[in-house]
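Once you have looked at the hints, place chain D on chain U.
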Amino acid sequence: MHRIHILIAMDAHTIAQGAHSVKDELQRELSLAALTDEVRVVETGSLGIYNKGVVLVVFPDAVYYAGVKVEDVSEIISEHLIKGRIVERLQYADIPETKEEEGKAPRFGKQVRVVLKNAGIIDPDNIEEYIAHDGYEAMGKALTEMKPEDVINTVKESGLQGRGGAFFPTGMKWEFAAREKSEEKYIICNADEGEPGTFKDRLILEGDPHAVIEGMALTGYAVGANKGFVYIRGEYKMSINRMQKAIDQAREHGLLGKNIFNSSFSFDLEIREGAGAYICGEETALIESIEGKRGEPRDKPPFPPSVGLWGKPTIVNNVETLANLPQIISKGAAWYKSNGTEKSPGTKVFTMVGNIKNPGLIEVPMGITLREIIYEVGQGIPDGKGFLLAQMGGTTGGILTSEHLDLPMTVENLREIGAGLGSGALLVVDDSQDVVDLVKNFVEFFNHESCGKCTLCREGTGRLLELLEKLTDGRGELKDVDLIEDLAKVMMKGAFCGLGQAAPVPILGCLRYFRGEFEKYVKKPQVAQAAVA
Amino acid sequence: MKTLADLRAIKEKAKQDMASREKTAKYRIIVSMGTCGIAAGARATMSAIIDELNKRNIKDAIVTQTGCLGYCDQEPMIQISQASKQTITYGKVTPEIAREIINGHVVNDKVLTNYVFNLS
Numbered sequence: 001m002h003r004i005h006i007l008i009a010m011d012a013h014t015i016a017q018g019a020h021s022v023k024d025e026l027q028r029e030l031s032l033a034a035l036t037d038e039v040r041v042v043e044t045g046s047l048g049i050y051n052k053g054v055v056l057v058v059f060p061d062a063v064y065y066a067g068v069k070v071e072d073v074s075e076i077i078s079e080h081l082i083k084g085r086i087v088e089r090l091q092y093a094d095i096p097e098t099k100e101e102e103g104k105a106p107r108f109g110k111q112v113r114v115v116l117k118n119a120g121i122i123d124p125d126n127i128e129e130y131i132a133h134d135g136y137e138a139m140g141k142a143l144t145e146m147k148p149e150d151v152i153n154t155v156k157e158s159g160l161q162g163r164g165g166a167f168f169p170t171g172m173k174w175e176f177a178a179r180e181k182s183e184e185k186y187i188i189c190n191a192d193e194g195e196p197g198t199f200k201d202r203l204i205l206e207g208d209p210h211a212v213i214e215g216m217a218l219t220g221y222a223v224g225a226n227k228g229f230v231y232i233r234g235e236y237k238m239s240i241n242r243m244q245k246a247i248d249q250a251r252e253h254g255l256l257g258k259n260i261f262n263s264s265f266s267f268d269l270e271i272r273e274g275a276g277a278y279i280c281g282e283e284t285a286l287i288e289s290i291e292g293k294r295g296e297p298r299d300k301p302p303f304p305p306s307v308g309l310w311g312k313p314t315i316v317n318n319v320e321t322l323a324n325l326p327q328i329i330s331k332g333a334a335w336y337k338s339n340g341t342e343k344s345p346g347t348k349v350f351t352m353v354g355n356i357k358n359p360g361l362i363e364v365p366m367g368i369t370l371r372e373i374i375y376e377v378g379q380g381i382p383d384g385k386g387f388l389l390a391q392m393g394g395t396t397g398g399i400l401t402s403e404h405l406d407l408p409m410t411v412e413n414l415r416e417i418g419a420g421l422g423s424g425a426l427l428v429v430d431d432s433q434d435v436v437d438l439v440k441n442f443v444e445f446f447n448h449e450s451c452g453k454c455t456l457c458r459e460g461t462g463r464l465l466e467l468l469e470k471l472t473d474g475r476g477e478l479k480d481v482d483l484i485e486d487l488a489k490v491m492m493k494g495a496f497c498g499l500g501q502a503a504p505v506p507i508l509g510c511l512r513y514f515r516g517e518f519e520k521y522v523k524k525p526q527v528a529q530a531a532v533a
Numbered sequence: 534m535k536t537l538a539d540l541r542a543i544k545e546k547a548k549q550d551m552a553s554r555e556k557t558a559k560y561r562i563i564v565s566m567g568t569c570g571i572a573a574g575a576r577a578t579m580s581a582i583i584d585e586l587n588k589r590n591i592k593d594a595i596v597t598q599t600g601c602l603g604y605c606d607q608e609p610m611i612q613i614s615q616a617s618k619q620t621i622t623y624g625k626v627t628p629e630i631a632r633e634i635i636n637g638h639v640v641n642d643k644v645l646t647n648y649v650f651n652l653s
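One line per chain: the protein sequences are U and D, in this order. So the first sequence is residues 1 to 533, counted in our numbering. So the second sequence is residues 534 to 653, counted in our numbering.
Just chain U, same shape as in the assembly (with noise of 0.2 Å):
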């Protein structure tokens, strides 16, 4: 037993600002301190704070620790460690009490941990932790005591909505792949998350590798599978490095190949890398480059749950998704439909960035208002400014604006309004912005990722960036207004896949709610002949 566990959060945030080094001295130190018997030093997924430099919490205290530098750590050790002082000048106190009710999820503040109830707080490198709270006790349920129509039922029941950004019912999704007949079905983790300002899959797999793994496995049975690749973005290195430790441990514990928990269910995985390119977070454009082909999206229908990966029924669920699947199993479908409304039930991880007093990754339940969200979760916005808009969903998300503060977010109302909840990326923008030039910024990226196959989509994302071009450099007219409108339009009703179709949909949001704004550099010119006059 150590009576002192530190645990320091090692993710690309953490680990850019020196989390090992930090690490490496801890050891260093309580070695010298002979304290290696009484106190472990655990690597763990996000703590949930960002921008804050190296964060460290130390239990059974509790007390976070937050921009410890090198130079930092022997104080803390001779201090908080030897004498149980606690060293203030580097506390960091700003965290909402947890709190835990028999039966429910653990609550922090406004924040509802389902999906993120392991990170931060278990060693990702390490399945017994995983083990310890509660993982793969949902395999185990499935493979011993339910049937896979069992699962698929149990999943449909929950309402649980695909998290990928499309909320398609996971278990209808399922059940069309369970009715096909095929010796071979596929199942895919699709963790090439690629939408600008999302990185909650990142964090998920950083932070709990496993229970992605029991997620995919549990949908393997459910549907008929044995084989499951998980495609993670190739600039993920520390999420493939701890989903292929997480994949060998589960092999070595037998959670993973021939008959599992003696059933007669086998189920293996393998990593696929993604190369950098966003399309191919569309599934059908992952299922060709797993093929080993061009990432371009396929003709749909058929959809992949018939024919897919080689041609075979194959589910492709997001990360969020697949972590969510063990704790339905497990606690059941009323359990999971205690958060979130009836329509949109569960929580949703989001990633929050811009102008934001503190950004990051968050779980919510469903139907929490914006004004929630960025005001007592995100502390609001920064510098005494104003809220101008928030974008929801990454780059193709929808603009909400002061008007939407007050809406619960769910799937349907959020639809009623022309947005949605997306990929979970939340981008605040305070008043001091410029809406113009964020939208050419959005249209640079699409024309930079349009993979060329539709001429809408290839054309349309050039001509509409040469249109913001000619307005922000003064030469536009009013007419030039209605033409990015109209040919917005036109993408979204003609491209092939959902970037060309999705490509549209901020900008028109900015149209609708900031048409001035655009029409405003039309008329600065005149403004200015006015003023030489």
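Keep in mind that the hints were calculated from the coordinates and are not lab data. A quick note: this is a predicted structure, and the numbers were derived from the prediction, not measured. Some hints could be false.
With the C-beta cut set under 10 Å, the calculated list includes, among others, these residues of chain D facing chain U [as the list claims (entries may be wrong)]:
| id | residue |
| --- | --- |
| 1 | M534 |
| 2 | T536 |
| 3 | L540 |
| 4 | K548 |
| 5 | I563 |
| 6 | S565 |
| 7 | I582 |
| 8 | N587 |
| 9 | T599 |
Think about it this way: if two alpha-carbon atoms lie no more than 27 Å apart in a straight line, the pair counts; the simulated DSSO-like pairs of lysine-lysine are [as the list claims (entries may be wrong)]:
| id | chain 1 | residue 1 | chain 2 | residue 2 |
| --- | --- | --- | --- | --- |
| 10 | U | K258 | D | K546 |
| 11 | D | K546 | U | K245 |
| 12 | U | K245 | D | K535 |
| 13 | D | K535 | U | K141 |
| 14 | U | K83 | D | K618 |
| 15 | U | K385 | U | K52 |
| 16 | U | K141 | D | K548 |
| 17 | U | K331 | D | K592 |
| 18 | U | K227 | U | K312 |
| 19 | D | K625 | U | K83 |
| 20 | D | K535 | U | K147 |
| 21 | U | K141 | D | K544 |
| 22 | D | K559 | D | K618 |
| 23 | U | K331 | U | K227 |
| 24 | U | K117 | D | K544 |
| 25 | D | K546 | U | K141 |
| 26 | U | K479 | U | K523 |
| 27 | U | K237 | U | K69 |
| 28 | D | K535 | D | K546 |
| 29 | D | K544 | D | K592 |
| 30 | U | K470 | U | K523 |
| 31 | U | K331 | U | K117 |
| 32 | D | K548 | U | K331 |
| 33 | U | K520 | U | K479 |
| 34 | U | K141 | U | K245 |
| 35 | U | K227 | D | K535 |
| 36 | U | K331 | D | K535 |
| 37 | D | K592 | U | K117 |
| 38 | U | K453 | U | K440 |
| 39 | U | K117 | D | K559 |
| 40 | U | K156 | U | K181 |
Just so it is clear, CB atoms sit at the ideal spot from N, CA and C, and this is done for glycine as well.
Frame of chain U; chain D shown alone:
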């Protein structure tokens, strides 16, 4: 992994080492580790407590430390706190007495009055 029992065996073992990360442990044993406490031998007392807890396979206790309580002549001091019960403070706790306290207070739930230091 062949049975659920195999899984639960791993779970119990791993949970034991992770107990200090839970806030739900029944007993919280707090050793005073100010300069006075350390000088009086608090470190040896703490090691004895940890050793005894391990030997007896006690899972629902965590060991933590605090600073000087202001009764330096009574060091080493330990406090045992339990939810909804009064915290008990023991004074002049040598490693041997520490083992006795673990056996009496934590294992058998009996306060060892002869070692109790009355703070009031």
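Hints, one by one, checked against the model:
Taking 10 Å as the C-beta contact cut-off toward chain U, the hint placing M534 of chain D at the interface holds, the least distance being around 4 Å. Evaluation of the T536 of chain D hint against chain U yields a held restraint, the C-beta minimum of about 7 Å falling below 10 Å. Residue-level restraint check for L540 of chain D holds (minimum Cβ-Cβ distance to chain U is 6 Å; threshold 10 Å). Because the closest C-beta pair between K548 of chain D and chain U is about 4 Å apart, less than 10 Å, the hint holds.
A least Cβ separation of about 8 Å between I563 of chain D and chain U falls short of the 10 Å threshold, and the interface hint therefore holds. A distance limit of 10 Å between C-beta atoms decides the matter here; for S565 of chain D the minimum to chain U is near 8 Å, and the interface restraint holds. Satisfaction of the interface hint for I582 of chain D is found here, the shortest Cβ-Cβ separation to chain U being roughly 9 Å, below the 10 Å cut-off. Using the Cβ-Cβ criterion of 10 Å, the hint placing N587 of chain D at the interface with chain U is satisfied: the shortest such distance is roughly 5 Å.
Here the hint on T599 of chain D is kept, as its CB sits about 4 Å from the closest CB of chain U, short of 10 Å. A hinted pair counts as satisfied when its Cα atoms are at most 27 Å apart, and K258 of chain U with K546 of chain D qualifies at roughly 25 Å. Taken as a hint, the K546 of chain D and K245 of chain U pair is honoured in the structure, with Cα atoms around 21 Å apart against an allowance of 27 Å. Proximity of K245 of chain U to K535 of chain D is assessed by CA-CA distance (about 21 Å); at most 27 Å being required, the pair is judged to hold.
The suggested pairing of K535 of chain D with K141 of chain U holds, with an alpha-carbon distance near 13 Å, which does not exceed 27 Å. The suggested pairing of K83 of chain U with K618 of chain D holds, with an alpha-carbon distance near 26 Å, which does not exceed 27 Å. A distance of roughly 22 Å separates the Cα atoms of K385 of chain U and K52 of chain U; the hinted pair therefore holds under the 27 Å criterion. A threshold of 27 Å between alpha carbons decides the hint, and for K141 of chain U with K548 of chain D the separation of about 20 Å falls inside it, so the pair holds.
Taking the CA atoms of K331 of chain U and K592 of chain D, the gap is about 25 Å. The hint holds against a cut of 27 Å. Annotation: proposed proximity of K227 of chain U to K312 of chain U holds, straight-line Cα distance about 12 Å (limit 27 Å). As the CA atoms of K625 of chain D and K83 of chain U are separated by approximately 18 Å, the hinted pair is consistent with the 27 Å bound. At roughly 18 Å between alpha-carbon atoms, K535 of chain D and K147 of chain U fall within 27 Å of each other, so this suggested pair holds.
Taking the CA atoms of K141 of chain U and K544 of chain D, the gap is about 15 Å. The hint holds against a cut of 27 Å. Under the criterion of a C-alpha separation no larger than 27 Å, the hint pairing K559 of chain D with K618 of chain D is consistent with the structure, at around 11 Å. Straight-line distance between C-alpha atoms of K331 of chain U and K227 of chain U comes to about 26 Å, which keeps the hinted pair within the 27 Å bound. Straight-line distance between C-alpha atoms of K117 of chain U and K544 of chain D comes to about 17 Å, which keeps the hinted pair within the 27 Å bound.
Note on K546 of chain D and K141 of chain U: the hinted pairing holds, with a Cα-Cα distance of about 20 Å set against a maximum of 27 Å. With a C-alpha separation of about 12 Å, the suggested pairing of K479 of chain U with K523 of chain U holds against the 27 Å cut-off. A hinted pair counts as satisfied when its Cα atoms are at most 27 Å apart, and K237 of chain U with K69 of chain U qualifies at roughly 24 Å. Our distance criterion of 27 Å between C-alpha atoms is met by K535 of chain D and K546 of chain D, whose separation comes to about 18 Å.
For the suggested pair K544 of chain D and K592 of chain D, the alpha carbons sit about 13 Å apart, so the restraint of at most 27 Å is met. For a cut-off of 27 Å, the pair hint linking K470 of chain U to K523 of chain U stands: about 13 Å separates their Cα positions. About 14 Å separates the Cα atoms of K331 of chain U and K117 of chain U, which keeps this hinted pair within 27 Å; it holds. Between K548 of chain D and K331 of chain U, the direct Cα distance comes to roughly 20 Å. Compliance with the 27 Å bound is thereby established for this hinted pair.
With a CA separation close to 13 Å, the supplied pair K520 of chain U and K479 of chain U stays within the 27 Å bound. Note on K141 of chain U and K245 of chain U: the hinted pairing holds, with a Cα-Cα distance of about 24 Å set against a maximum of 27 Å. Restraint check for K227 of chain U and K535 of chain D: satisfied, since their Cα atoms lie roughly 20 Å apart, inside the 27 Å limit. This hinted pair checks out: K331 of chain U and K535 of chain D have alpha carbons roughly 22 Å apart, not beyond 27 Å.
Distance check on the hinted pair: K592 of chain D and K117 of chain U sit about 22 Å apart at the alpha-carbon level, within 27 Å; holds. With a C-alpha separation of about 22 Å, the suggested pairing of K453 of chain U with K440 of chain U holds against the 27 Å cut-off. Taken as a hint, the K117 of chain U and K559 of chain D pair is honoured in the structure, with Cα atoms around 23 Å apart against an allowance of 27 Å. Proposed proximity of K156 of chain U and K181 of chain U is supported: the alpha carbons are some 21 Å apart, at most 27 Å.
When held up to the earlier numbered hints, the structure conflicts with none and fits them all.
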